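Chemist: Residue strings, one per chain:
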Amino acid sequence: MAAPIRFTLNGQDVTLPEGTSPTVTLLDWLRGPGALRGTKEGCAEGDCGACTVVLENPEGTRTPINACLMLLGQAAGRAIRTVEGLRGEAGEPHPVPRAIAEHDGTQCGFCTPGIVMSAWAWAREGGDPHEALAGNLCRCTGYRPILDAMATLEDDSAPPPLAHDAPRLIAAGAQRFFLPETVDEAVALRAAHPAAWLLAGGTDLGLRVSEHRERPETVICLLNIPRLRRLEVTAAGIVAGAAAPYARLLDACAADADFAPLAALLRRLGSRQIRGLGTLGGNLGTASPIGDALPPLIALGATVALVSSRGERTMLVEDFITGYRTHALAADEIIARVAIPRPAPGAILACEKLSKRHDQDIATVGLSVLLTLRDGVVEQARIAHGGCGPRAARAPAAEAALLGARFDAAAADRAARALEAEIAPLSDLRGSAAYRRLAAGNLLRRMALRRPELPGEVAAVPAPHAPGFVAP
Amino acid sequence: MTIGAPIPHDSALAHATGAARFADDLAEPPGLLHGALVLSPVAHGLLAALDTATARALPGVVAVLTAADIPGANDVSPSGKGGETLFAERTVEHHGQPIALVLAETRDAALRAAAALEPAIAPLPALLDAEEALAHQAYLMPPQVIARGDAEHALDAAPLRAEGSFRSGGQEHFYLESQIAVATPGEDGEIAITSSTQHPTEVQHIAARVLGCDFNRIPVTCRRMGGGFGGKESNASWVAAAAAFGAQATGRPVKLRLARKADMAATGKRHPFLFRWRAGFDADGRILALDATLAADGGHSLDLTPGVVFRAITHALNCYDVPAVKLTALALRTNTVSHTAFRGFGGPQGVLLMEDVIRGVARATGHTPEEVRERNFAGAPNGGETPYGQALEGDLIRRVWAECRADAGWEARRQEIAAFNAAHPYLRRGLGSFVLAFGISFGVRHLNQAGALVHVYADGSIRLNHGGTEMGQGLNIKVAQVVAETFGVPLHRVRITATSTAEVPNTAPTAASTGSDLNGWAAHLAAGTIRGRMAGVAAALWEVPVEAIVFAGNRVFVDRPGDNRAMEFGELAHRCWIERVSLSATGFYRTPDIHWDAQAMRGEPFFYFSYGASVVEVVVDTLTGEHRVLRADLVQDAGRSLNPAVDRGQIEGAFVQGLGWLTCEELHWDEQGRQRTLGPSTYKIPGSRDVPPAFKVRLLSAAPARADTIFRSKAVGEPPLMLATAVWNALKDATGVERLDLPATPERVLMALAAKAR
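Protein sequence lines correspond, in order, to chains F and Z.
The first sequence begins at 1 in the working numbering and counts up by one.
The second sequence begins at 473 in the working numbering and counts up by one.
No wet-lab data here; the hints were simulated from the structure.
In this text the structure is predicted, and so the values were computed from the model without any measurement.
Careful: at least some of the hints might be erroneous.
A few chain F positions that, by computed beta-carbon distances, are all more than 12 Å from chain Z [unchecked claim]:
{"hint": "1", "residue": "Thr20"}
{"hint": "2", "residue": "Asp155"}
{"hint": "3", "residue": "Pro159"}
{"hint": "4", "residue": "Arg168"}
List of simulated lysine to any residue pairs, SDA-like, C-alpha gap at most 20 Å [said to hold, decoys possible]:
{"hint": "5", "chain 1": "Z", "residue 1": "Lys553", "chain 2": "Z", "residue 2": "Pro614"}
{"hint": "6", "chain 1": "Z", "residue 1": "Lys1168", "chain 2": "F", "residue 2": "Pro472"}
{"hint": "7", "chain 1": "Z", "residue 1": "Lys733", "chain 2": "F", "residue 2": "Arg208"}
Every residue gets a Cβ at the ideal spot worked out from N, C-alpha and C, and that includes glycine.
Start from the sequences, fold in the hints, and give me the full structure.
Modeler: Okay, here's the thing in structure tokens:
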């Protein structure tokens, strides 16, 4: 039975009128019918963060998200806080906006509400403040005063508000927005509605609404299926449900030394806002030729499980990606989970990414390498690249060049030459073919030149002491 | 004293709580229509037809307007020289050029209908590359030449010679709030416009030109912009004119808010430049002769290019003296969006020239770039004038550099860096420096004027209005500080209001760093007029000479030993009202002394120069080209700062914006001339991690500006952007490459390293 969209907004229960389209973005609803215009639209593509709002999760955690990418149907059953909701009981400003203002953290002020919301979530969640701000662009201040303000923040200890259950179906006119709760249900819907959008985090599909103003007739949203949200870490590796957000995969990898290089890469995948919504299943479903997460999955030998009413099948991620934005998913299948095997003891894992900007930028070149060693000699090599051809793929010639050799500078150079010869990158706005070729090879060379006692890349060079400001 | 106090931005808390209202946040008038633009999908072509009937039939669509529907002139050229259309007629000249305006009941309907419209365009060959335009002498305007001495002869006579060439890239403003205007029809042909604009007066003029009406029918208001940076100078005008056109055509209010992609496709950017130079010098590194060409890619039309080129050529020698010099500045025409004002307005490009020359001379002579820099500073023992005849302050040039070098600990850092580089297999650190002399005033003389309107109410509260616009730079708080200081009242007594052509007419754009210089003076004069009248009332009451009346501490009192008569400021205001004395005044200011002879290309176009220096350390990965700024030390001359907190924000923000221009911000046009970097997913401005983790900013002390500046302060909006030029020098230092085009993306750095290795 169809039910209205109901969510908690700034601690208050909100039920939207019947007939409200579930595929309107949360941002458009907030700024329109919601009459909350503190949340801004800067880009409508999830990259600037001016529309950042925060999901208040039942367990007390806070997830910043881009309101421009979240559809109302996805918001159903959740607790959302906007900048207007950061107030004391007497209406006084919350300490976070106050700190930003008092530290001269605003100039034009347009990005500020989004930055306030990211900072509010960060005050609870912690971590590298740059990582917390990677999804928020400010064009005026140069960020220094914002970081200064953030350094003074403390968690406000506010408990999460009560959340509601989400409906299983939202209907508006001809639109149907399904929120199945089991895989069986999802698979049946998929078979019945082959043209429906399969929506998880919506960080890619959301653009079709936000930017291209599309209005899909039928959406099957996979976010409320516990089995697809599950994430397990075992001795064998990590099994991530297709609809588990990147944020949780990152947490799991960061807590597991064997996956530290993958954690470092995931910290650069999108932003906290994107990782709060985006999923591995979605990344596989778009089969992007770059797909930041695809090279490490391929190098690690990850498998993907696909389910339909016909049953389940499993295949390597490298086989799942069949070409430029094409994959092996059948019209009645959904992606259920991805299994990432744990690297063998003593294996060398590198998950490299080159981009114009360190944070929140799509890779110009991605290169992931897994080398299994026996007695110091490479026994097995798996090298995968992204941004170097029509699809993310393995580099067999480079792999062959390493087999049976010690992984030293000379071997890496041989493999790099093989890699440069076997990839066929294109020239586009992110980089020329010549640069991609050279840089891809050099990423391999760099692996062998790294020394534990020296910083391995520019981002790791320790920051000198910051001297501050001198007024006369 | 409010002057000189580090007072936060007046809207800071409203920004942070979401209470500050931008144009799109205002309550929408009943009957509002939403606009969307139809943009050219090709770079150059003959516009055959546009089937508007199909779009008109789509649900919610109310009108589709094209050039043929324009009642006045299809001319939005800011210079008034024509040749710049609101909507394309006959030909399209760049990808993203506006062709039509769709008006619909909802924004969605407008956007969908605009996307559904497919103009029929017969493609023509497009001129896309600046080098090609230079080869074809495709110019937008005649070359500008500034010369002193006989450069050719001096080049021949010089003991040593070097030459070079390089390019700098464009830059998208990426104000977070995209272009927006709301036009509301009123009585008797009036169209009231709310615009996110740096230039309300130009919005008024251009909307009136398009509508074919008198200026007095177009009141224009702007409370605040979500960033401007020059991008809302001329470009805001045509957006607002389109909204006004829609409002007039339909009789309904129209909001035109450009989606980010449309904004980035249709609005101009910082001019890309080509540079070529030949220099003659001696073995000590003293530069004796220079012949240089600076070619700006102006895009398809003139826009503000003459001014940009003027500032580039007047800043091409920056703070250096070259006795014999010939500087040629060109404006190239290409089939790209018309490039426009961007913070620095050609200055940032102009000052790149000498940096390349200095490194070339250093390479040829074996001196360090810093030695060559010092040897060629303007001022004794070298010549002290710019090549166009305006004096530079050699002592300030040397001071900012000496203080910055000392702050940076240059010598010790050199050693640390050498040790790191010797030990690391592939990372290389480098140091770079930069020194700046930036002229303050509009190059166009008549823009150096400003007005203000001040009211004191009978309770002593004050309402301030002036011609400047607030884009985040803190202009309103600075001008309010001036007014509070003039009346001797606390700052909270001064109410800041929206800029409005109905209150202060015939204003200049808020640009060229001049906002507080010009509007601060105008407001000071307005407040001074009222204060004089109030002092007269107090003097008559107390039977003392008017000179004895003092305004301070929210009180008015007699400044005479033993005389303790005083009253609250508000009490005197009330008394003035009772006495029927006007408490309202306008102030008008025009910058004195500036002059320019456009035939001779000589004069003193700038009221004063602002000086600055920087030292930057970078680290480069020589295997990937990735790089990062580790530390920046800046010294900036702000005269006697009106507000050091605001000035610090301007300096840091400008530096980071300059850093973006020089490193990660890269515009990409494909082979068909379609711009492919149309959003933050593809166009990368600096993020928080890109800011130098060690970032020291020093305001130059004990350096008051000339006596006839506003409280002896100096402009600070643009100059520090150029201090980021040290990043370019540091990257060259770290890599040892000779030529490094800009922006120095990881790709350009790696490819330059590869070229050097060959």
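Chemist: Hints first: check each against the structure and report whether it holds.
Modeler: Now for the hints, and whether the structure bears them out:
Against chain Z, the non-interface label of F:Thr20 holds: every CB pair exceeds 12 Å, the least being about 14 Å. Non-interface status of F:Asp155 relative to chain Z is upheld: no Cβ of that chain comes within 12 Å, the nearest being about 18 Å off. Listed as outside the interface, F:Pro159 is consistent with that label: its C-beta sits roughly 22 Å from the nearest C-beta of chain Z, beyond the 12 Å cut-off. Residue-level check passed: F:Arg168 sits 27 Å from the nearest beta carbon of chain Z, beyond 12 Å.
Proximity of Z:Lys553 to Z:Pro614 is assessed by CA-CA distance (about 14 Å); at most 20 Å being required, the pair is judged to hold. Restraint check for Z:Lys1168 and F:Pro472: the C-alpha separation of about 14 Å stays at or below 20 Å, so the hint holds. Taking the CA atoms of Z:Lys733 and F:Arg208, the gap is about 14 Å. The hint holds against a cut of 20 Å.
Hint violations for this structure: none, all hints satisfied.
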